[in-house]
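2 protein chains.
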Amino acid sequence: MKRTCVKDALNAENSVSEILVKGWVRTKRDNKGFSFLEINDGSCLNNIQVIVDHTPEIEKILEKISTGASVSIFGELVESPGKGQKWEVRGTGVELLGAADPETFPLQKKRHSDEFLRSIAHLRPRTNKFGAMFRIRSELSYAIHKFFRDKGFFYVHTPIITGSDCEGAGEMFRITSLDHESLSKIKKEEQGARDFFGQESHLTVSGQLSAEMYALSLGQVYTFGPTFRAEKSNTPRHAAEFWMIEPEIAFADLNDNMDLGEEMVKYLINHILETCADDIGLFAKFVDKTLMDTLKNTLDNKFERITYTDAVNLLQRCKKAKKFEYWPEYGHDLQTEHERYLTEKHFKKPVIVYDYPREIKPFYMRVNDDDKTVAAMDLLVPRIGELVGGSQREERLDVLESRIAETGMNSEDYWWYLDSRRFGTVPHAGFGMGFERMLMLLTGVTNIRDVIPFPRTPKNLEF
Amino acid sequence: MKRTCVKDALNAENSVSEILVKGWVRTKRDNKGFSFLEINDGSCLNNIQVIVDHTPEIEKILEKISTGASVSIFGELVESPGKGQKWEVRGTGVELLGAADPETFPLQKKRHSDEFLRSIAHLRPRTNKFGAMFRIRSELSYAIHKFFRDKGFFYVHTPIITGSDCEGAGEMFRITSLDHESLSKIKKEEQGARDFFGQESHLTVSGQLSAEMYALSLGQVYTFGPTFRAEKSNTPRHAAEFWMIEPEIAFADLNDNMDLGEEMVKYLINHILETCADDIGLFAKFVDKTLMDTLKNTLDNKFERITYTDAVNLLQRCKKAKKFEYWPEYGHDLQTEHERYLTEKHFKKPVIVYDYPREIKPFYMRVNDDDKTVAAMDLLVPRIGELVGGSQREERLDVLESRIAETGMNSEDYWWYLDSRRFGTVPHAGFGMGFERMLMLLTGVTNIRDVIPFPRTPKNLEF
Numbered sequence: 109m110k111r112t113c114v115k116d117a118l119n120a121e122n123s124v125s126e127i128l129v130k131g132w133v134r135t136k137r138d139n140k141g142f143s144f145l146e147i148n149d150g151s152c153l154n155n156i157q158v159i160v161d162h163t164p165e166i167e168k169i170l171e172k173i174s175t176g177a178s179v180s181i182f183g184e185l186v187e188s189p190g191k192g193q194k195w196e197v198r199g200t201g202v203e204l205l206g207a208a209d210p211e212t213f214p215l216q217k218k219r220h221s222d223e224f225l226r227s228i229a230h231l232r233p234r235t236n237k238f239g240a241m242f243r244i245r246s247e248l249s250y251a252i253h254k255f256f257r258d259k260g261f262f263y264v265h266t267p268i269i270t271g272s273d274c275e276g277a278g279e280m281f282r283i284t285s286l287d288h289e290s291l292s293k294i295k296k297e298e299q300g301a302r303d304f305f306g307q308e309s310h311l312t313v314s315g316q317l318s319a320e321m322y323a324l325s326l327g328q329v330y331t332f333g334p335t336f337r338a339e340k341s342n343t344p345r346h347a348a349e350f351w352m353i354e355p356e357i358a359f360a361d362l363n364d365n366m367d368l369g370e371e372m373v374k375y376l377i378n379h380i381l382e383t384c385a386d387d388i389g390l391f392a393k394f395v396d397k398t399l400m401d402t403l404k405n406t407l408d409n410k411f412e413r414i415t416y417t418d419a420v421n422l423l424q425r426c427k428k429a430k431k432f433e434y435w436p437e438y439g440h441d442l443q444t445e446h447e448r449y450l451t452e453k454h455f456k457k458p459v460i461v462y463d464y465p466r467e468i469k470p471f472y473m474r475v476n477d478d479d480k481t482v483a484a485m486d487l488l489v490p491r492i493g494e495l496v497g498g499s500q501r502e503e504r505l506d507v508l509e510s511r512i513a514e515t516g517m518n519s520e521d522y523w524w525y526l527d528s529r530r531f532g533t534v535p536h537a538g539f540g541m542g543f544e545r546m547l548m549l550l551t552g553v554t555n556i557r558d559v560i561p562f563p564r565t566p567k568n569l570e571f
Numbered sequence: 109m110k111r112t113c114v115k116d117a118l119n120a121e122n123s124v125s126e127i128l129v130k131g132w133v134r135t136k137r138d139n140k141g142f143s144f145l146e147i148n149d150g151s152c153l154n155n156i157q158v159i160v161d162h163t164p165e166i167e168k169i170l171e172k173i174s175t176g177a178s179v180s181i182f183g184e185l186v187e188s189p190g191k192g193q194k195w196e197v198r199g200t201g202v203e204l205l206g207a208a209d210p211e212t213f214p215l216q217k218k219r220h221s222d223e224f225l226r227s228i229a230h231l232r233p234r235t236n237k238f239g240a241m242f243r244i245r246s247e248l249s250y251a252i253h254k255f256f257r258d259k260g261f262f263y264v265h266t267p268i269i270t271g272s273d274c275e276g277a278g279e280m281f282r283i284t285s286l287d288h289e290s291l292s293k294i295k296k297e298e299q300g301a302r303d304f305f306g307q308e309s310h311l312t313v314s315g316q317l318s319a320e321m322y323a324l325s326l327g328q329v330y331t332f333g334p335t336f337r338a339e340k341s342n343t344p345r346h347a348a349e350f351w352m353i354e355p356e357i358a359f360a361d362l363n364d365n366m367d368l369g370e371e372m373v374k375y376l377i378n379h380i381l382e383t384c385a386d387d388i389g390l391f392a393k394f395v396d397k398t399l400m401d402t403l404k405n406t407l408d409n410k411f412e413r414i415t416y417t418d419a420v421n422l423l424q425r426c427k428k429a430k431k432f433e434y435w436p437e438y439g440h441d442l443q444t445e446h447e448r449y450l451t452e453k454h455f456k457k458p459v460i461v462y463d464y465p466r467e468i469k470p471f472y473m474r475v476n477d478d479d480k481t482v483a484a485m486d487l488l489v490p491r492i493g494e495l496v497g498g499s500q501r502e503e504r505l506d507v508l509e510s511r512i513a514e515t516g517m518n519s520e521d522y523w524w525y526l527d528s529r530r531f532g533t534v535p536h537a538g539f540g541m542g543f544e545r546m547l548m549l550l551t552g553v554t555n556i557r558d559v560i561p562f563p564r565t566p567k568n569l570e571f
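In order, the protein sequences belong to chains A and B. The first sequence begins at 109 in our numbering and counts up one residue at a time. The second sequence begins at 109 in our numbering and counts up one residue at a time.
Each hint should be verified, as a subset may be incorrect.
Here are some chain A residues pointing at chain B (derived, C-beta under 7 Å) [to be verified]: (1) 151; (2) 208; (3) 230; (4) 263; (5) 268; (6) 281; (7) 296; (8) 306; (9) 322; (10) 561.
Cβ pair distances, simulated, as ranges [stated by the list, open to error]: (11) B:172 x A:343: 47 to 57 Å; (12) B:506 x A:443: 49 to 59 Å; (13) A:425 x B:135: 54 to 64 Å.
Pairs of lysine-lysine residues, derived as DSS-like cross-links and limited to a Cα-Cα distance of at most 30 Å, are as follows [said to hold, decoys possible]: (14) B:567 x A:295; (15) A:404 x B:254; (16) B:172 x B:218; (17) A:295 x B:295; (18) A:393 x A:295; (19) B:480 x A:254; (20) A:374 x B:480; (21) B:110 x B:191; (22) B:218 x A:110; (23) A:259 x B:194; (24) B:567 x B:340; (25) A:172 x A:140; (26) A:567 x A:457; (27) B:295 x A:340; (28) A:397 x A:191; (29) B:295 x A:296.
The hints are simulated quantities; they were obtained by calculation from the structure and are not laboratory data. We treat Cβ as the ideally placed atom computed from N, Cα and C, and that holds for glycine.
Please construct the entire structure, taking both the sequences and the accompanying hints into account.
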């Protein structure tokens, strides 16, 4: 007989005379003559309640069942007379699949700290909170693909292993197939040539440059894949391995880019509120009481758009200015405290800051007519700060070449990138969104370690 | 004015008095008094034909337009009197966005070899063949997500950077954040501890063990991400970086696993035939004339299921047996020639071989009651050989521990994996499918380098 997943059982339209449910026991309560079992199989947040009458045989099995055990229940799906659920299972057959010794099973029926749960990342998805988190993570991934596909974008798998330190977006991990002995014996200058790829190789920090090649062929594309930073900053916002979404649009300027970013953020929030109501409800109730307000506020308002120059002026003139740890100064990146002031205090909604000084932005961003700024944009949201960062790309070959020279890079390393401006170049734009930051916005969770199944951070590679 | 993508223009229901089309010129033909332009913007295989009457102004612009140039065309969408297309654009405004010098632009209007196109992987998606390929690749990715989501599976991002050589599936790349000097000075035994993660770290060869933890929490999950092999085999079937799909199902046995694999393969083929008819048509016409027959044959037949033992016997007794390069012998892996004989000659359809000798399979596969074989399965398809490989997983703690010991591994390294069998273990199963192999099956393309945007192979890290 085929098992019915708990989600489907709870959503049944009618009673079912024979049903098979399997899952893990969350609680067991014994009464005189019968027992209650709460069963969860991960298909949804809610458990299904099972009532089994005691027979000598069943009592023997029930003795071995405790929180965490896996069971198979055969019975009837009937309307529940109790509160809190529409349906329950009257179990007539109970099978213990796998016990969980209450002396050693770490997930007992009580609240565990996030820190503790990180130390058992292989078991934490069996809790309500992390089950909900990773169902939302899955649905958010799907929503991203659906959003872009519906708009005619193509998904491109840009390479993870790369030979170029493209945009200097951060410290890179190096990869090698040489063994220790070779690494210590071969001269530094010769190691690349002797290594697997015949040159030095690293883990990508961004798929953008590759994605641009595809936007300039297929029109509209996006990447969605893992990216890496070898930065030893042990903060709640940084991980060495995280996922990023990078759309790239041909025939588009900075305004199109801002429109796409805003539309995407709203679409994703809306999709998750509609498809993951129960799971989001858990976070709104137990993690961040303001969550629903923040999300609805984001959905209901047009995002503010302000130039970097105006933003700096506003920050310098605001009442809080003297209390900032860092004085907001033209020519410097905005600090998180500045970003939060703009979104949380001043505009009270998401803000897109655009047209940044060219000196503080990478070579590929398009130089504006003022020759001082580039067509960059950062989309800031309350609590998180920067959620999306992007730009119109420099499509003019001569300007791009001089920008590469300015930054001291070698334009020969970018021959293929420059080719795209040499042959049929077109205005285009794109951005990157940190997937985990979007998840943090959606759930109110403040530590990136709690939105990644098995997070990778300095000195931490368990599981 | 907003541009209309070529796909939408070609699918128009009515003529459009004002339309803006942008794209790259595939060909230009000048006639007396007017010119034809074939424009492609990557949204679909087909070009849109543009006719522009010559005016002195337009002629000046047309002079600079050649194959590969990017243009913006304003005009009217009208029914085409010519053959081969329903609609064409009567252009009244022509703008050159970016020229492409015919002396240097490598993609002229002629057939280029796959080898040559690999050397310009940044431009090859501008050809019909590779445009089609990477649109199919995108749609196939979507189909995978849709298939699993519709069946209630959750998508899990398993880690790329790993500390364990889990299943010994292949040679691994090592990753490090130490610089050359440190690597040459620090003793081998101390390098791990001094490195970013405080231990040796590698690129993953499979997300399975992590995915199992999630199946044993959320019920049904799958991974879809990049995996890596540091194997220096320079063959048309191997790449150092490729994408893999790995579903993992709780409360499932080997039969459920075979059913899922067969259902998935058929769903994906069907989805692509329905959504990418034009692009697949190109491959059926120019790459593999038997493509449609192969795909339809796969769709229309129940896959053969045969034990490894029966398959070996069959191979030993078949007429071709003496012509095999390798004698089919019990206890050895099937060779590609054997797999192809089974699918192409004997059964003339896909074949699932199951129950392999335990000695030639990894520790995590479930030992059968005969104690000789494990509940493994390989799904073989014509032309490709192994497309899917999987197994029921060993859910019995004691058996798993002794299998780990058998293979000489250290069970302490797998404490978390064993925990899942210690606490509420359940029968479960899963498999891996090479994404690129599926693409090769779908398109008839025989070199893996031609189904990956920027392939990574030994001594090759360009782009």
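- Message: Going through the numbered hints above, which ones does this structure break? Give me the numbers in ascending order.
- Response: The structure conflicts with hints 18, 19, 20, 22, 26, although it agrees with all the remaining ones.
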